[in-house]
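S.K.: Chain by chain, the residues:
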Amino acid sequence: MSAAPAAGDALAATVIAGSSGEWEVVVGLEVHCELSTATKLFCGCPNLFGAEPNTHVCPVCLGLPGSLPVLNEGAVERAMRIGAALSCTVRPSTFHRKNYFYPDMPKDYQVTQYDEPINVGGHVELVDGTIVGIVRAHLEEDTGKTTHLGGRGRIHEADYSLVDYNRAGVPLVEIVSAPDIRSAEQARAYVGELRAILVATGASDGRMEEGSLRVDANVSVRRAGSAELGTRCEVKNLNSLRSLGRAIDFEAARQVELVESGGTVVQETRHWDEELGSTSSMRSKEEAFDYRYFQEPDLVPLVPSEEWVSAVAASIGLLPAARRHRLAEAVATDRVPAPIDQVATAVDLGLDELVVAAIGLGADRRLALARAANEAAQRPEDARALDPAAFAGLVGLEASGKLSATQAKTVLAELLAGGGDPAEIAGRLGFKALDDDAVDTLVAEVIAAHPDEWQRYVGGDDKVLQFLLGLVMRETKGRANGKVVAAAFAARRG
Amino acid sequence: MSAADGNSPALALSARVRTGELSARRAAEEALQAIAASDPLLHCFNAVMADAALAAADAVDRRVAAGEDPGPLAGVPVALKDNLCTRGVPTTCSSRILEGWRPPYDATVVSRIAAAGGIAVGKTNLDEFAMGSSTENSAFGPTRNPWDLDRVPGGSSGGSAAAVAAGLVPLALGSDTGGSIRQPAALCGVVGVKPTYGLVSRYGLVAFASSLDQIGPFATNVGDAALLLEAIAGHDPADSTSIPLDPPRLVASLDHGVEGLRVGVIADFLTDASPSCADAVRRAAEALESAGASIGEVAIPELLHGLSAYYLIAPAEASSNLARYDGVRYGLRVDGPDVEAMNARTRAAGFGAEVKRRIMLGTYVLSAGYYEAYYGQAQRVRTVIVRAFATAYERFDVLLAPTSPSVAFHLGDKTGDPLQMYLSDLFTIPSNLAGHPAMSVPFALGEEAMPVGVQVLAPALAEETMFRTAAVLEAAADERARGPVRPAAPSGARG
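Protein chains in written order, with the working numbering: chain A, 1 to 494; chain Y, 495 to 989.
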């Protein structure tokens, strides 16, 4: 159904070939992100994951009669950081009550932002350069957590339910994207990018497995080339990036099949079943709750001063997209662009500073990036602490042929484990590139032992060179420099 | 006004306790005895906190013995409306739905009374969740008016008003959402104050309508009311709507008079009040004029729309505030086959008719498609009322009005007609909508020798001026109109 995009290309839009023509998938995502504050949004209870149930609770987050909320300044500050990082306008805002009955909601209403959210109108740039619009990013409180026992884990079939209110009142920012996403792949890339931004700003730990990042997908389809939006369905219960991708693909295909067989998509909320790999209706628009929003009278309007807004914006360091641009610029040459996947990996792991610094010290650009994104990436924490000069020295030894690739990787592993001087480590390990005569002797031996392969190579089959080269490398236990060996073979071919 | 003034029993009692002349324990025992003797007739109290009161009194006495000052309320018994949270003591809101619930914390006002040396002696009856004007909507039966046991004490803080009027306690706290302190104060012949919204912390007050609710004092006289308000007012970081100011100084300037004060009589209200209630306002104005104030009439017809706006806004907020009583966490639970049925059965069994009526009203006016026409419109009316007051206060420092349209009515007279009951709050509601202070002072005897209160209204945070005005009115008032009174046998003659 969807072709995997080639590395480095823009992520392709999914086109579904239906019986009546081609269809395009349109996705908008609502991402709920738990903020990494010390305490909850409206009380002083600890904001901690994984504690004994109902131990981090007080009259306020239990919604006991007479209790009142007091807004957590740290949560507001983090929401503003998110706003600044998503290029939103940070504005004066108000809180509303969203009223509905549910046992995990202590007050039977959720305090959230409605028509006046704190952040509006931003965007996120994905690794491939795609821009996804951000409609709003607003503050709200989390609910408790219900475990339904018996039945299939859903409230109506359960024998009984247990409620843990530790999570009730934990601060959330809900980030609502524009319907700018065109494939499951892009949706995953968007969430990945958002996660990187949230972690980079320190607003959230971004742990999807602990539920600190939760995603709902609004999915619709339309005829390829159409500018109008189709009727959307909101898909819930997406617990991983894998679920997100699968659910979007399933839901889009379901809608196409439905419309092509003469049906119409109805606006509804659908539940993703990971085991069955399908969505099913939770409630239709007609059954949708009437939330009876009205302004929360227990809180006053939130009006951050301009000084505060600017101070928060200024406190945000370079964000992933900007860091990718900076790294790609440092690596690229006039003729060759930077490898986008390596750039993304290096930035994700926070190794871009190291690479940029090493290049600044004269290290070979592509090699520095490759060693960072491939080998150093295995131990990102050590790599972030690596001395750029030592790293640049190592890259220099390899680039000049003094170390083979294999030797360079071994030295790098030592560097990461304990630091030191790369030349010294190479010496201690007995790494010294073989001299040209020794290489030439080995090359002659390999040619004599494998006449058929040699003839194919002489006949122009360059692919066989890798095989021959590998034999030399095996013989030298990786001490030979691959480039030098290849040159020796080429010289003998004439 | 001095502490030795026999007309300010709380001030006098506190002074005697602080000098060691009277033990706090003795004062507490006397209050408990008075409650035990009269409450079977009156039903002011849902719960009496005898042990806790005596323990608190002993603690005050120990401080006095140690040479410390236990505070301005030293040893003064105080009754608390039963919608104020008291740690470990049942807080019922006179509703079945909170059956068995004991709050794990004290309301801020309860802590402040204790910190000032006051002794909480019990929890007083109210209309369920403070919804009503007669205290007949209590799940535990009505409170009776000590002036005439066949009559209502007003509401919703009827238990607190009657307890002070009957002399069971010198001080009590109530809450006022649309008149729930001032109207029962007027009907029981005591002083009742609704402070500026945000002057007194709402933390621990079980919410009815959050944007209108405000806690305030009851006393037999203006000086004692000022004393209690000073003790409970002031910023509380636990309430986001609490004004970040120190408590006002009221007692010190009570006798400063009204010379030069500009007093406006709200003309629009006089025609809707009973002859004695309207006449009391006119005579109150004359008394202020004799004391040096200038008097004028002011028409503020916008205020008459307050009642309609109130009965949209208050139920809307209530429908949300009362959602939490769902049987899941505390209070009553009536089991059902699934969680929705349990919620519905619990609420059907736990709430009384008036509470259900207002939850339904509030749910309706917030519904999609109706919000703008009802709730939105009511909010606009609220803004109109705020502006109308602002215009009036350009010409006047305080305003004068009847507190209630009539003297205390008979039990059962209005229970069949909610709209008639709602009209009891016609003159008190605008101050809640505007967030302004207002208080009722007993001034005269009206129809059938029942007390009549006069209401003093003031702009936000003008409590000091309001209390000064009230003190002058008190001095000019008919002494017979003022509690405490001995609970009287039914008058017999009805209507």
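Hints listed in this document are in silico derivations from the structure and should not be mistaken for laboratory results.
Warning: the hint list may mix true and false statements.
[Said to hold, decoys possible] Pairwise CB distance ranges (calculated):
hint, chain 1, residue 1, chain 2, residue 2, range
1, Y, ASP832, A, SER315, 22 to 32 Å
2, Y, TYR864, A, GLU73, 49 to 59 Å
3, Y, PRO731, A, GLU228, 18 to 28 Å
4, Y, ASP762, A, PHE289, 39 to 49 Å
5, Y, GLY870, A, PHE289, 14 to 24 Å
6, A, GLU287, Y, ARG596, 52 to 62 Å
Remember, it's a predicted structure, so these values are computed and weren't measured experimentally.
Note that CB positions come from ideal geometry on N, CA and C, so glycine has one too.
S.K.: Work down the list of hints and note, for each, if the structure agrees.
M.R.: Here's how the hints hold up against the structure:
no., hint, in the structure
1, ASP832/Y to SER315/A: 22 to 32 Å, "violated (49 Å)"
2, TYR864/Y to GLU73/A: 49 to 59 Å, "violated (37 Å)"
3, PRO731/Y to GLU228/A: 18 to 28 Å, "violated (52 Å)"
4, ASP762/Y to PHE289/A: 39 to 49 Å, "holds (42 Å)"
5, GLY870/Y to PHE289/A: 14 to 24 Å, "holds (20 Å)"
6, GLU287/A to ARG596/Y: 52 to 62 Å, "violated (39 Å)"
Hints 1, 2, 3, 6, counting from the list given before, are not met by this structure.
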